[in-house]
Structures are given as structure tokens and as C-alpha cells.
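Enquirer: Sequences are here, hints too, so could you generate the full structure?
2 protein chains.
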Amino acid sequence: MSEPFSFRLLKTDGAARRGEIITPHGRVHTPAFMPVGTQGTVKGLTPDTVRDTGADIVLGNTYHLMLRPGAERIAALGGLHKFMNWPLPILTDSGGFQVMSLSDLRKIDERAVTFRSHLDGTMIELTPERAIEIQALLGADIAMQLDECLKLPATRDDIARAMKLSLRWAERSKRAFEICAANGHALFGIVQGGDDLSMRAESARALAAMDFHGYAIGGLAVGEPQETMLKIVAETAPMLPAERPRYLMGVGTPRDLVEAVARGIDMFDCVLPTRNGRHGMAFTRYGAINLANARHAADFRPLDPESAHPVARTYSRAYLHHLTKSNEILGAVLLSTINLAYYQTLMAGMREAIAAGQFAKFRDHTMAQWERGDLPLV
Amino acid sequence: MSEPFSFRLLKTDGAARRGEIITPHGRVHTPAFMPVGTQGTVKGLTPDTVRDTGADIVLGNTYHLMLRPGAERIAALGGLHKFMNWPLPILTDSGGFQVMSLSDLRKIDERAVTFRSHLDGTMIELTPERAIEIQALLGADIAMQLDECLKLPATRDDIARAMKLSLRWAERSKRAFEICAANGHALFGIVQGGDDLSMRAESARALAAMDFHGYAIGGLAVGEPQETMLKIVAETAPMLPAERPRYLMGVGTPRDLVEAVARGIDMFDCVLPTRNGRHGMAFTRYGAINLANARHAADFRPLDPESAHPVARTYSRAYLHHLTKSNEILGAVLLSTINLAYYQTLMAGMREAIAAGQFAKFRDHTMAQWERGDLPLV
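Residue numbers (numbering that gives the first Met the number 0), protein chains in the order written: chain L, 0 to 377; chain E, 0 to 377.
Heads up, a few of these hints could be off.
Dumping the calculated SDA-like pairs for lysine to any residue here, alpha-carbon to alpha-carbon at most 25 angstroms [as the list claims (entries may be wrong)]:
hint: 1; chain 1: E; residue 1: Lys324; chain 2: L; residue 2: Ala293
hint: 2; chain 1: L; residue 1: Lys42; chain 2: E; residue 2: Lys106
hint: 3; chain 1: L; residue 1: Lys81; chain 2: E; residue 2: Val377
hint: 4; chain 1: E; residue 1: Lys106; chain 2: E; residue 2: Lys163
hint: 5; chain 1: E; residue 1: Lys81; chain 2: L; residue 2: Ala293
hint: 6; chain 1: L; residue 1: Lys10; chain 2: L; residue 2: Gly356
hint: 7; chain 1: E; residue 1: Lys324; chain 2: L; residue 2: Glu124
hint: 8; chain 1: E; residue 1: Lys324; chain 2: L; residue 2: Leu118
hint: 9; chain 1: L; residue 1: Lys42; chain 2: E; residue 2: Phe299
hint: 10; chain 1: L; residue 1: Lys42; chain 2: E; residue 2: Ala293
hint: 11; chain 1: E; residue 1: Lys42; chain 2: L; residue 2: Asp47
hint: 12; chain 1: L; residue 1: Lys42; chain 2: L; residue 2: Asn326
Think of the hints as simulated: they come from the structure by calculation, not from any bench.
Expert: Okay, structure coming up:
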């Protein structure tokens, strides 16, 4: 352990890539899905459970953790790994996205984004330098630059302004990182540019010239059609250095993951498997299944008898239906577990398929299974 | 497995008793604490987690399960053990207590209690025979007779009427049980009589004459002072057959458990460890600890470094405080686990102490630790 950050590209199959990231807290097999641990916990699950779903790495949210319990507090307690009892790699975002989505009052200028805390209403200023400092205090293996993330649709002028500001913040983030980050940790730049391909290209080229440890594509999955997102991914990914990992932020559905891997993405994070699990929705080989539906009430079968994870093989649909209808915490726990396990199984399947040069076949087979839908009623 | 119900009294130490109950689903070491699995789940915890806290047996609630998903539904799915994936013993209550505490409209006559479901408002009739049938459908290793449970204080007339009705229902429950219960399962009678010792005595003697597999003391922990409860337990327990297990229903705090074991009780159930866990309260060797309190915010120490359970030894007080303040599900999960583990450690300590003839010493030591209170601040 405690090797410095590195990335090895092991195999390509079309645009799809099989690789591995080394971090001070261990190895991440890519393409990788990162469960989201917003407030220092992947909601409802112990770290052991998260690990047992197959996760190599989790994501922590700078915005939430800086507000509560505070970055300095976590640092004093030994860092985020120790705080949440997760000994494996952690990537933290920069807080920029949540400032946009969670705080109602905010002001962006050259120097910083200033916003009102959604917890207690205090005004807080976040500069690119402070965002890096917070992530260093948390002890993130991989930190993200502060950027400005717009909702789409947006005007061309707004997109250009935010993209250029994000580039200047990328430079400031990098300088700050070089001063305060621990040895071997990594910083990723974030490509912005909305749904404008020429601005995406400008952003990608400028960031590549700055030489980050990895590159994210940000500002997607913010309201645009899937087609738009995939087009931007397809055009942007090849502009990024092949020998560095590529991370598509905040994405997505199982279908999004397969399509984005097909276009050269290595890393993902998304709240869908846990959020939907808390609302009675399961992701499976048979597509998405709503456990609240009365069709499951008397169904003694497990969600997926061939799942690699015991929870998906053990509990009956009738029981999961009962827990969901009864608003029992265990329903959220079991379905979050099942969903994260399915996401990890999907990623492992993609990794194997790429290694074997069979990615296109895997993708067709997986999509065909989803399209056939759930098992017929017994 | 699948041995018929039996009870062996292994050792006594004063009035305290060390024993073991054999059931068709395995062995229960007594004195025993039964975690409550109201709606077919010990709230928030997987069966593996419940087992790992040291539980030999859980309790299921007839009232909740008959309303949702329904006893016939659970029977068709293979019974409650299979439904909730708990392979060890299950005791079910008869529904009487929840009818009193949860349904706002109810009518009791000789034949049945009729009540309005708190879920959908339908009127439901529960006879002693139907309560037994439901418990047989659930597959309970130990079933309870239907009784009438009063809130205290109550008038002497009301107490006498309810106690006598409960005795007649005990006879009907026993006849129904002999017809419909599976081989080797057990039925317990329930002593009523409020806070009136002579009525408790009348109830205990009449039930003993009916020859149940075990005897519960019901109608306590319903608003009376602890002193009253312990007095009734102390007077009632010796009237029950020594060779049968004695179960004090719905009790209690750690202190209640120790005091009731000292007075000859073998079995307990209570929602406190899980309910209080969901509200940021921990039960420990140092007494009850409120994790929401700001004193824990920067405390890197675990709740109890000497706990037998890894969860109590691993997560810092600061992290448990953070999860509690953030209303994170994992806070409820971890504190419920810690509390159930503490309850089981306490029971195991009492069992060992009784076996060694050291119960009085154990009791004094345990109480002195609680009285010293929590660890001083670092």
C-alpha cells in the first residue's frame, strides 16, 4: 500500500478501455463505478457491505463534509478514510456541483463561489484553493479541481464564460494542489463546455496542456437528453490523453455506463443505485424492477437467482415488496446492496469483456437482456 | 435441529436462573433477550447482523404481520423463518398488546377483540383461536395466548375482569393450539392482574394448573413505576412452575433486565435497543449515552473499546455523532447493532455469573459501572 498514484492502460477494445489505477490506499480496476458516500457514509451500508458489493473506491462530497462535520474536524480525527472506516481509495469532488444544486443563494466571481449553507444559512466562500485544501484535509486519494457547473440548456455565452472560468480555476487548483497535497495523491481537471462540442474541445485541450493526473467530463447528466450526453462523451474522450484515466461525473443508469465505456470512459459515480434502492427500485440483469408493485407480493423467487451477491439470491421478491410497502429501513439497506452489487457486476463484466476483446458482444447481450425485461410471473 | 420444545433449568443462584430452551429451530440460552422484529425485520438489521450480536431468538408481532403481509401470505411463502431469512427460533406475541396500543377503536367481549386496522381502517376480529391459528401459520416456535392487556393505573374491577377474561382465553388458546399447532412447538400462558398481587396470584395459579409450556408475566411496563413492576415480578415468579421458562413481556432497560433476572425471569423482549438506537442513544457498560450530544463531536474514541462487538470498538464517537446529527440511516444501523450487542453481552454476563454462583457480585459490579457513568472527556 501507499504507492503513489498511477494509471496503467491494460487493453483497449474499440474505444473501450481496461485499466488500473494505483492510489495510496490501493488499486482500482477500471472501468470503475464509485458508490457515493455523500456525508461520510454510503447511505445505509457499512463499509464492509460496500466492499462486499465489489467496490474498489468510494466518492466523498466536499460540499457536505465541509459544512458538517467540517474538513478540519475530519483531519483532526485522522482523515476521511479513518472517520468513515473505509480503508480503500477515496475520490472527493470539489463541491462545485452541490453549490449549484443545493444552495439557493450563490454568487460566482473570478475569485470564488459564495453560497448560503443549506444547513444553517451561513454564507460560505469557496475558492479553488480552499476546495483543494479541504480535499487535502479529508485525505482524498483523488481530488477534483473546483469548476463552475451549469444546468443545461444554457446560452452559448454562459457556457463559454463558465468554461473559461473553470479553466482559470483549474490552473489555480493545480498550483494549490502542488503546495498542499500529500505525496502520491492525484488531482483531476474537469472538462466543461456544456453541449457545445467546440467549447468542450477547447476545454479538453487546455486542460491536457496543464498535465493533470486524470480528466473528468463534468457538466453532463444535468438535464440534457442521453443522446446529447453520449455525443459529447464520444467527441471529448479522444481529446484527452490516452495514458490518463477519464471520469464521467454523476453518471448514470446501467445503460449510460455501458454506452459511456463504449466511448472511452474509465470511471463513474452516481447516487442512483442507493437513492433508487431507498425507493423500492432494483437494478438487475432484467432491467429496473419496482418492488412496490403488487405483482411481487406473493412471489417467493429472489430478485436474481444467478446474482453473484447473496442478498440478491436470498431474499424473496415478496419480502422485498413487504419491506418496501412497510417503509422498513431494511428494505433500503437490502435494495441499496443489491443495486450496488449489480452495478459492480456490470463493471466487472465490462472489464472482462474488454480484456477478452469481446466488449461489443457483451454490450449487445446485456442490452438484449434488459430489453427482454423482468421474469414472467410464476 | 427440529427437536421438540423443552426447557432445562441448569442452575439457580438465589432466585436467578440459568437454563436452556430447546425449540424446533434450535437452542436458546436463558436468561435470554429477544430482539423485536415487528414487521418481519429487526429494524434496519440483516438477520446475520442480529445473529452476530449474540441473539438466539427473535420476536415477531402477530398484530403487524396479520395486517401486512397477512398470515396466510407468509404461510404460503414458507413461514416467517423463511420469509425473514431467520433460521433460528422465533417467538410471536398474540397481538393483544398492539391491539391495545396501536388501534384506536376496539371492542372487547367474551368472544373476541374487534379493532380498526391502523393501516387501512378495516374492522378486524381477533379471537383466541384465530390468534393461535395466525401464530401457527407464521410457524412460531413459541406462541402466546391472546390476553387482555390493560394500561395502568386501572380500577380493581377492570383489572379483575381483564384477568378473568384472559384466563378463559388461555383455556380457549390452549384447546386451539392442541388442534392446529405443529409438533414440538410451544404455547405460553400469560399472567395478568395489573398491580394487584392477589389477582396476579390467582392468575398464576390458574394458568399453572392448565399446564403451559411456559409462562409470561404480561401487563407490565405499561406506565407503572419500576418498583411496582419489580414487586409484582418478585411475588409472581415463585408461583410459576420452576421447571418451565418465565418470560417478562416488553421489558426493558438494562437495569430492568438485571433486576428481573434477580427475581427469577428467564426471557425478555423490548424495542428499546433498536428504537433508542434510531434516535442516537447507545446502551453501554458506562450507562446510556446520547450521541447527539456535542461532547462527542471531536471524540476519536469508540463507544466501548472493550466491547465484544467490533462495531462498538471500531467507529468513533465523533462519527456516530456525525451520523446522528445528519440523520443518516447508517447511524440507526450502527447504534441498533451496538445496543443489541450490549444487551446480549449483558445477558451472557448474567448467564455466566449465575452458572458460577456469582450473580449478586455481577449485579453489583454492573450497576456500579452504570452509576460511574460515561468515560470522562479526553
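Enquirer: With reference to the structure, classify each hint as holding or not holding.
Expert: Hints, verified against the model:
Between E/Lys324 and L/Ala293 the CA atoms are separated by roughly 36 angstroms; this puts the pair beyond 25 angstroms, and the hint is violated. With a CA separation close to 43 angstroms, the supplied pair L/Lys42 and E/Lys106 exceeds the 25 angstroms bound. Distance hint between L/Lys81 and E/Val377 is fulfilled; the C-alpha atoms sit about 19 angstroms from each other, no more than 25 angstroms. Using a Cα cut-off of 25 angstroms, the hinted pair E/Lys106 and E/Lys163 holds, with the two alpha carbons roughly 17 angstroms apart.
Between the alpha carbons of E/Lys81 and L/Ala293 the distance comes to roughly 20 angstroms, so the proposed pair stays at or under 25 angstroms and holds. Simply put, L/Lys10 and L/Gly356 have alpha-carbon atoms about 8 angstroms apart, close enough for the 25 angstroms limit, and the pair holds. About 23 angstroms separates the Cα atoms of E/Lys324 and L/Glu124, which keeps this hinted pair within 25 angstroms; it holds. Of the pairs offered as hints, the one joining E/Lys324 and L/Leu118 holds, with about 11 angstroms between alpha carbons and a cut-off of 25 angstroms not exceeded.
With a CA separation close to 22 angstroms, the supplied pair L/Lys42 and E/Phe299 stays within the 25 angstroms bound. Restraint check for L/Lys42 and E/Ala293: satisfied, since their Cα atoms lie roughly 23 angstroms apart, inside the 25 angstroms limit. Under the criterion of a C-alpha separation no larger than 25 angstroms, the hint pairing E/Lys42 with L/Asp47 is consistent with the structure, at around 19 angstroms. Straight-line distance between C-alpha atoms of L/Lys42 and L/Asn326 comes to about 15 angstroms, which keeps the hinted pair within the 25 angstroms bound.
Of the hints listed earlier, those the structure fails to meet are numbers 1, 2, in rising order.
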